[in-house]
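Visitor: The chain contents come next:
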Amino acid sequence: MKPMSVIVRTMTRSLYPFILLFGAYLVVHGHLTPGGGFQGGAVAASAIALAIAAFGGTKAYHEKTLALFESGGLLFFLSLGLIGMGVAFMWNFLAGSGSLFGDPVAYGSNPGYLNTAGTIPLMNIAVGLEVVGGLGAIMLAMGSYAFDEDKEVSS
Amino acid sequence: MIDMAPYITVAIIIGIGLYICMFKSNLIKIVMGISLIESGVNLFLITLGYRHGAYAPIFTMFNGGIMTLPTPQALTLTSIVIGVATTALLLAFVIKIYRHYGSIDAKDARRLKG
Amino acid sequence: MSFMDQLPILIIAVPLLGAFLTPILGMMSKKLPRYTSTLFLAVSALLVALMAFEVYGGDGTPIIYTLGSSDPTPFRIVLEIDAFSVFMAIIMAGVSLAVSIYSWSFTDKYTGQDKFYTLILLVVVGSYGMTLTGDLFNLFVFFEISSIALSGLVAFRMNRGESFEAAFKYMMYSTLSGLFLLFAIALLYSQYGVLNIALLAQGITADGFTPLNKVVLALLIGDFAMKAGAVPLHMPSPYAYSESPGGISTLFMAASQAGLYGLFRASFTLFGGAISSMGYAAVGWIVIILGVLSMFIGVTMALVQKDVKRLMAYHCISQTGYILLGVGVGIAVLGDATAMDRYGKAAIEGGLFHTINNALYKGLLFLTAGAMFYATGTRNLNEMRGLGHNMKITTMFFLIGAIAISGIPPSNGFSSKLLIYESVFQFNPALSAIAMFVSVLTLASFVKVFYSAFLGPKMKDKEIKEVPSSMIFGMAILVAAILAFSLFPGLVLDTLIKPAVEALLRAWPIPGGV
Amino acid sequence: MWGEIFTGTGMWNAVVFAIVLVVVAIIVRLIRSTGIEGAAKREHGGEPYYFGNEVPESAHIRASNLYWGFLKTMESYYKPLVGEHTGNVNDFMAWAVLTMAGILLLMFFM
Numbered sequence: 000m001k002p003m004s005v006i007v008r009t010m011t012r013s014l015y016p017f018i019l020l021f022g023a024y025l026v027v028h029g030h031l032t033p034g035g036g037f038q039g040g041a042v043a044a045s046a047i048a049l050a051i052a053a054f055g056g057t058k059a060y061h062e063k064t065l066a067l068f069e070s071g072g073l074l075f076f077l078s079l080g081l082i083g084m085g086v087a088f089m090w091n092f093l094a095g096s097g098s099l100f101g102d103p104v105a106y107g108s109n110p111g112y113l114n115t116a117g118t119i120p121l122m123n124i125a126v127g128l129e130v131v132g133g134l135g136a137i138m139l140a141m142g143s144y145a146f147d148e149d150k151e152v153s154s
Numbered sequence: 000m001i002d003m004a005p006y007i008t009v010a011i012i013i014g015i016g017l018y019i020c021m022f023k024s025n026l027i028k029i030v031m032g033i034s035l036i037e038s039g040v041n042l043f044l045i046t047l048g049y050r051h052g053a054y055a056p057i058f059t060m061f062n063g064g065i066m067t068l069p070t071p072q073a074l075t076l077t078s079i080v081i082g083v084a085t086t087a088l089l090l091a092f093v094i095k096i097y098r099h100y101g102s103i104d105a106k107d108a109r110r111l112k113g
Numbered sequence: 000m001s002f003m004d005q006l007p008i009l010i011i012a013v014p015l016l017g018a019f020l021t022p023i024l025g026m027m028s029k030k031l032p033r034y035t036s037t038l039f040l041a042v043s044a045l046l047v048a049l050m051a052f053e054v055y056g057g058d059g060t061p062i063i064y065t066l067g068s069s070d071p072t073p074f075r076i077v078l079e080i081d082a083f084s085v086f087m088a089i090i091m092a093g094v095s096l097a098v099s100i101y102s103w104s105f106t107d108k109y110t111g112q113d114k115f116y117t118l119i120l121l122v123v124v125g126s127y128g129m130t131l132t133g134d135l136f137n138l139f140v141f142f143e144i145s146s147i148a149l150s151g152l153v154a155f156r157m158n159r160g161e162s163f164e165a166a167f168k169y170m171m172y173s174t175l176s177g178l179f180l181l182f183a184i185a186l187l188y189s190q191y192g193v194l195n196i197a198l199l200a201q202g203i204t205a206d207g208f209t210p211l212n213k214v215v216l217a218l219l220i221g222d223f224a225m226k227a228g229a230v231p232l233h234m235p236s237p238y239a240y241s242e243s244p245g246g247i248s249t250l251f252m253a254a255s256q257a258g259l260y261g262l263f264r265a266s267f268t269l270f271g272g273a274i275s276s277m278g279y280a281a282v283g284w285i286v287i288i289l290g291v292l293s294m295f296i297g298v299t300m301a302l303v304q305k306d307v308k309r310l311m312a313y314h315c316i317s318q319t320g321y322i323l324l325g326v327g328v329g330i331a332v333l334g335d336a337t338a339m340d341r342y343g344k345a346a347i348e349g350g351l352f353h354t355i356n357n358a359l360y361k362g363l364l365f366l367t368a369g370a371m372f373y374a375t376g377t378r379n380l381n382e383m384r385g386l387g388h389n390m391k392i393t394t395m396f397f398l399i400g401a402i403a404i405s406g407i408p409p410s411n412g413f414s415s416k417l418l419i420y421e422s423v424f425q426f427n428p429a430l431s432a433i434a435m436f437v438s439v440l441t442l443a444s445f446v447k448v449f450y451s452a453f454l455g456p457k458m459k460d461k462e463i464k465e466v467p468s469s470m471i472f473g474m475a476i477l478v479a480a481i482l483a484f485s486l487f488p489g490l491v492l493d494t495l496i497k498p499a500v501e502a503l504l505r506a507w508p509i510p511g512g513v
Numbered sequence: 000m001w002g003e004i005f006t007g008t009g010m011w012n013a014v015v016f017a018i019v020l021v022v023v024a025i026i027v028r029l030i031r032s033t034g035i036e037g038a039a040k041r042e043h044g045g046e047p048y049y050f051g052n053e054v055p056e057s058a059h060i061r062a063s064n065l066y067w068g069f070l071k072t073m074e075s076y077y078k079p080l081v082g083e084h085t086g087n088v089n090d091f092m093a094w095a096v097l098t099m100a101g102i103l104l105l106m107f108f109m
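Chains as they are written, first to last, in numbering that gives the first Met the number 0: chain A, 0 to 154; chain B, 0 to 113; chain C, 0 to 513; chain D, 0 to 109.
Worth flagging that the hints you see were computed from the coordinates, not collected in a lab. Idealized CB from N, CA, C, for every residue including glycine. Incorrect hints may have been included.
To be verified - Quick look at which bits of chain C chain B covers, simulated, 3 or more residues with Cβ under 8 Å:
#	segment
1	35-41
2	129-143
3	170-179
Said to hold, decoys possible - Mimicking DSSO-like on lysine-lysine, the simulated pairs with C-alpha atoms at most 30 Å apart in a straight line are:
#	chain 1	residue 1	chain 2	residue 2
4	D	Lys71	B	Lys112
5	A	Lys58	B	Lys95
6	B	Lys23	D	Lys78
Said to hold, decoys possible - Each pair of labels, with its calculated beta carbon distance range:
#	chain 1	residue 1	chain 2	residue 2	range
7	C	Thr72	B	Tyr49	23 to 33 Å
8	C	Glu462	D	Arg61	16 to 26 Å
9	C	Thr209	D	Asn64	51 to 61 Å
10	C	Ile463	D	Tyr49	17 to 27 Å
11	A	Leu81	D	Leu104	28 to 38 Å
All chains should be built: construct the whole structure from the sequences, respecting the hints.
Guide: Rendered as structure tokens:
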């Protein structure tokens, strides 16, 4: 398929980082506001979809990188669960510890402090990475079908 | 009566989805039918946790009063994630069937029978 | 907390870890994934064995594991494991190990082996999760994991359109059944506000069979029967079985038995209290009707097939019918204590014994069918003959499997079928007669396969060789289990089956004792 | 003990059966050993008898032609049954919904 018009391509170029940024925001603030790993990851993956549609090809992306994102994110998630095994699988060992994301959660209406909730933000980041990888791979596969590229994406 | 509206909507959406799955022969439409059923079930789950005039279940924005149940929303989110996976997989299969058979009609995609 | 306390989650976490490591390892070397994934499966099988010792050695109360906290409450994600859960997990552990070893040489010709083994591990995760969880929603999630991974495996041979067609049909069906399951869970949640099976069972027992609960149970039976492939909900499974590559048919069957797990869990642990207090036989009869239909239509459809794997797939449906018949009789007499003691327990024992036997001999037969395909390059029985001349070991394995599935003494199939015949005879003689007739037809159709594929003059146009040793080894695992089960049915029944039946009939304790 | 199962009305012992099977096999072997040594290894020894001619390829009946009589007799049963497995996704879905409805009906009216 041919690339889309110059207007679309220019807009895509300028919007692309902001979509990724918004996705990252949703991921990182998952424990404070609606959002989280999957939603943020899906938003970020939509940037990939936009780029594929606007530039008419999937050559800018490598399937291997995305696959690495996918397995790496899931491994990170699972290892977070396994580290908590001292008490129970998925035990929140960082909450209230005072270290990374370890501040106690304030009660009542507040603007939300990022440095709380223990392993939950870390897990959100892991899931976000996984979803970008997974959905990106789906976009890539579908894109290469749609544009009839000879490269066969097998994920 | 107005309380029943979501449930009626759920019934209608699931009914339409089942109708499409049973009577439309375009494979893409069948996938859309499955997606509709899924949306109906998700809507049902969400409706279960809803209370009139309740807050959204966000801890930092909450100061007294009633909150809607967060559990059904978590369940819905999970089922949406699963739905994305199934829909993507089904559509990929449809594309591949089209590649091999040259048709996305359910009446043609039946080399396996008997 | 000690290592033994963490066992339940490790059984699920180890294959999951393997599934995510496999693609990364696959980037390094093409052959590495097959060995590492087998290693992960072996480790999880070992963990299942340890778990089995713990559960079977205990006093029968389920082991409860809470995720994310050391104090159990029913509102957290809870794993609840009794003898029946472990029983189903043992089946999956044994079968998956045999399948992964068998696939070493079978997948030699294919690309994308890392994905193949990732999907196998995910199917195993789904089955373990379904059997070990104490939470209905988790059951749904693992149900979908196993369905999605399975349909990915069915479509693994990407050069054939038929494999995509079969995968699409199977995926449609499993998605629909998953949505029915979710709807049933939502209906239960709307009434009781919890998802924990033990708490739900308590609420349902107190309420009895309200119309809403009837709808829930109908939906649960329907969608688990879809997963297990009972007639008339079997439609896509023969095609999916026959199109999946090699050993995957075996894995497929073991994963379908997780559907049987769900069905039995729903009708005993979840609704058992309500059924027995109200003496409600309709549930049992629905399961019996599904069972008899599966048995009869499955075997008669198998007789006319000429695709060897599809023939075996129809037999798989037919054998599922036996299991449903046995356990269905048990459900039907759940409210009748004297009948339960006289023949109900024996019927459930027969059903569960048949579940593990079916996994063994049906798994073996699917593997031999894969070997036949590997050697000849076709699944069409019309184009095969005289394989027995060169494939002596496969022929012998096929014979053992065929004898076992037809219920010829002294095979393990005979033991479990005898239990089903005699107990069902006391419930309703006609059902028992149908079961015996189906057994005859099973033998007839396996005689057909044996005659047309293994006997006769050699094939002229092809040089037939015995399959590689890893495939033989995979089959030999199952053969050894079949022989052991054949010789010592009493031992298996006493140590493995009876505690599982007792666990099914007993109500689950609520986590944290609320 | 290990080989025994009790079904409530009867019992079955696999070990005894296996021992009997082995004994019978030994007896069969003994009877067979009274025959002429190496008869099967002679010229045409193990081959089937086909009117003194060479066994043709077509002597092996293909899988589709086995049980022809049975299938011919049961044609009125098989025709609708095989015809119902259309392979059409729409029909599959219809079967699923119909069965679900059937289970619901049985649940309410039985």
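Visitor: Work down the list of hints and note, for each, if the structure agrees.
Guide: Results of checking the hints against the structure:
1. 35-41: Since three or more residues must qualify, the claim that chain B covers the segment 35-41 of chain C is violated, with 0 doing so at under 8 Å.
2. 129-143: Per the Cβ count (4), the hint holds.
3. 170-179: As far as the segment 170-179 of chain C goes, the hint holds, because 6 residues have Cβ atoms under 8 Å from chain B.
4. Lys71/D x Lys112/B: holds (20 Å)
5. Lys58/A x Lys95/B: holds (21 Å)
6. Lys23/B x Lys78/D: Since the Cα atoms of Lys23/B and Lys78/D sit roughly 26 Å apart, the hinted pair holds (cutoff 30 Å).
7. Thr72/C x Tyr49/B: 23 to 33 Å: holds (25 Å)
8. Glu462/C x Arg61/D: 16 to 26 Å: About 21 Å separates the Cβ atoms of Glu462/C and Arg61/D, which means 16 to 26 Å holds.
9. Thr209/C x Asn64/D: 51 to 61 Å: holds (56 Å)
10. Ile463/C x Tyr49/D: 17 to 27 Å: holds (24 Å)
11. Leu81/A x Leu104/D: 28 to 38 Å: At 49 Å between Cβs, range violated.
When held up to the earlier numbered hints, the structure conflicts with 1 and 11 and fits the remainder.
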